[in-house]
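K.L.:
Single-letter residue listing:
2 protein chains.
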Amino acid sequence: MSITFSQPFAEPKGSPIRELFPYLSLPGMISFAGGYPSPSLFDSEGLRDAAAEALTAGGVAFQYGSTEGDVSLREQLSALMAHRGLDCPSGRILVTTGSQQAFDIVVRVLMNRGDVAYVETPAYPATIQALALAGTRIVQVPVDSDGLNVATLEEMLRAACPKDRPKILYTVPTFSNPCGTRLSLDRRERLVQLALEFEFVIVEDDPYSELAFTDERLLPIYAVASRCVTPEQNPVVYLSSLSKTVAPALRIGWMVASPAVLRRSAIAKQTMDLCTSPVSQAIAASYLASGRYPATVASACAEYGRRMSTMATALQSHLGNRVQFDKPTGGMFLWGRMGDGIDPTRVFKEAVDLGVVYVPGHAFYASNPDANTFRFSYAAPDCKQIETGVARFAEALEKAGSALANSD
Amino acid sequence: MSITFSQPFAEPKGSPIRELFPYLSLPGMISFAGGYPSPSLFDSEGLRDAAAEALTAGGVAFQYGSTEGDVSLREQLSALMAHRGLDCPSGRILVTTGSQQAFDIVVRVLMNRGDVAYVETPAYPATIQALALAGTRIVQVPVDSDGLNVATLEEMLRAACPKDRPKILYTVPTFSNPCGTRLSLDRRERLVQLALEFEFVIVEDDPYSELAFTDERLLPIYAVASRCVTPEQNPVVYLSSLSKTVAPALRIGWMVASPAVLRRSAIAKQTMDLCTSPVSQAIAASYLASGRYPATVASACAEYGRRMSTMATALQSHLGNRVQFDKPTGGMFLWGRMGDGIDPTRVFKEAVDLGVVYVPGHAFYASNPDANTFRFSYAAPDCKQIETGVARFAEALEKAGSALANSD
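Chains A and B, in that order, are what the protein sequence lines are. The first sequence lines up with residues 1 to 408 when you count with UniProt numbering. The second sequence lines up with residues 1 to 408 when you count with UniProt numbering.
Be a bit skeptical, because a hint or two may be false.
The list makes no distinction among identical chains, and a pair is therefore deemed to hold if it is satisfied within one copy or across any two copies.
Okay, derived cross-link-like pairs now, DSSO-like style, lysine-lysine, Cα gap no bigger than 30 Å in a straight line [what the hints assert, rightly or not]:
# : residue 1 : residue 2
1 : LYS13     : LYS163
2 : LYS167    : LYS13
3 : LYS399    : LYS349
It is worth saying that the hints were derived from the structure and are not from the lab.
So here's chain A without its partners, still in its complex pose:
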């Protein structure tokens, strides 16, 4: 019996981040690797109360739900969106099984094999993998300290022949993964104009925007676009999630999009999982209705801000100008670049031996990686672990450096 797999699954590569998992459980290991929020910041008590309330409804709480999502959860999410400056009725929200599913739906509904996806680069690896497995052509768009480089994007668009123009552009505009940068308002406006001119869909992935360390708030790109077009004409598909602010284990994400996109997305979702767990949805709705969400987010912001500062200070004190990075103003990630030609991938084994794990930068590129880069997440470890972890990383660099010198 020999099985012929589908073309993308003949010899598929796993997630480069998930491949680091075996290291995470080693005793004493400090992890800067995963995009995991800190479990100590989850409001476990509030979630337990929400679960108890959600499951008192009797048998009906355990039945199938609608593909589009639970009405009361969609109303809560609509209110949450309004708070972010994005006005949409609950009927324009599709609940998904995490925002990962929302992106998978977008790919199915929009992309044929061979279609072009522009992706800000470096980018979230699961996005790259989903696009690669769907057989799309990934074109990397560079970023800088203000996020996606929209001027370069414009040059690329104007230079591309029609068959190489993108159908979608993927970006995490607010506290990006992996760079932690934020796209400026000017760029958001220009990006919308380009999407309308070149007729591509902007996939705005927004799991982190509420994890802000300053009071400055920027409108979602979707909301920027809605100033000049109707909901039917909005070129943005907006994705978000409760995974970084409430709890990943609920697997609650959502999509806001034009009716044409939403209708097809619901049909796709029918064949994917029929509906997102109504138990999870009821817990999430109950939790959001409890009024505990703002305080939970506020304490996460305060703690992540502290951890980020600790990490930035430790990196500067241990590595000085051997490392370059922008200090994030929100989110969970710090993106670093070694200035003296040391490749963090080659240091990786040393670092693991010393008890710290992180993601070498190549994981965030579909092609042509910048080998001198790395991503550190400061969300899961506490400040003390962060200081120790950075010290171990510096030691690993030193060891690798002297090994290199010895082998010369």
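Knowing the structure of chain A, use the given hints to seat chain B on it.
P.N.:
Coordinates of chain B only, in the frame set by chain A:
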């Protein structure tokens, strides 16, 4: 802004069953339509206790989980499988977001556009839709009172030129949807031989086998195959779910397959939803460990058996030999065929006006539907509603018959 959707989603059709949803909420409506289990049979108390227990673990209960699934749930499922006569270690089980996701994964991992899927027909509509949206060529294999007609299948396989041979064959061998039939052991054995000879994967969808009205148990096809081949060579991908026996709202399904299929399925699932809700998984594991599962299933079997008998008796007493059907020995569905040329699709509007809704048979065919057929589910309505609903259906047939006579 004009969006070009992917080819399958240019003008997609929704689920023919979900399109009946608006009728279901009409006052006084009796529904034989959905494949919904009866919420009155859910063990709400046991599930609430399981949820309370599962969520006491603190923050870690709300974190991301592994793509393959929670270890304790997989151990519980392995024990459940052993009870069904299918021995597999927990490591050979992939937890999925309902068995719908498991099937979606199978399609992704195995099927290229244009590949051939053999599907027992009539068949579950969401299967047909998932295969159609993936651009596969669906070939219908007939069934009879003993399930999939394996002799006809063999003729089809021998007659097919290599490019038209199937990569997968889809079947619900035990209490099929929509027919309620059970594939005999002889046929299971022959089917395995054919899969090995013609090198196709048997997708064995098994959500209903525990809902049996008699003591007779048949081995899953996977277990039949494992008598003669190693797990690596087993041509069966086995799918199941807790949706029909515990609660659909948990969205817990699973897959048992060869290591080569499982490894790729986990990679596919990473891009689909990262992991199935760890909250749902913990509730399910806790519930299965509580020991309440066997009694819950036993009372569902007893009640569904009563409802099925009530429906069969009512159909016979109201319609006599105008309707043909096999009395199911388990599951949730009765498949009927009108003997006198009356098309249940054309009667549908009359029936809705009289307060009963069901699924006309055409929904269960990818092509060439038998227009005289219909599916009644006896799972959700109680016995009194079943009697009233069948009477209304008979009345609708009568009205349509006289309208037809008048218009002649």
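K.L.:
None of the hints should be skipped; say for each whether it holds.
P.N.:
For each hint, the structure was consulted:
Within a single copy, LYS13 and LYS163 get their C-alpha atoms as close as 28 Å, and across copies as close as 28 Å, so both meet the 30 Å cut-off. Taking the closest pair of Cα atoms, LYS167 and LYS13 come within 30 Å of each other both inside a single copy (25 Å) and across two copies (23 Å). With identical chains, the CA atoms of LYS399 and LYS349 are at most 30 Å apart within one copy only, with a shortest distance of 11 Å there and 79 Å across copies.
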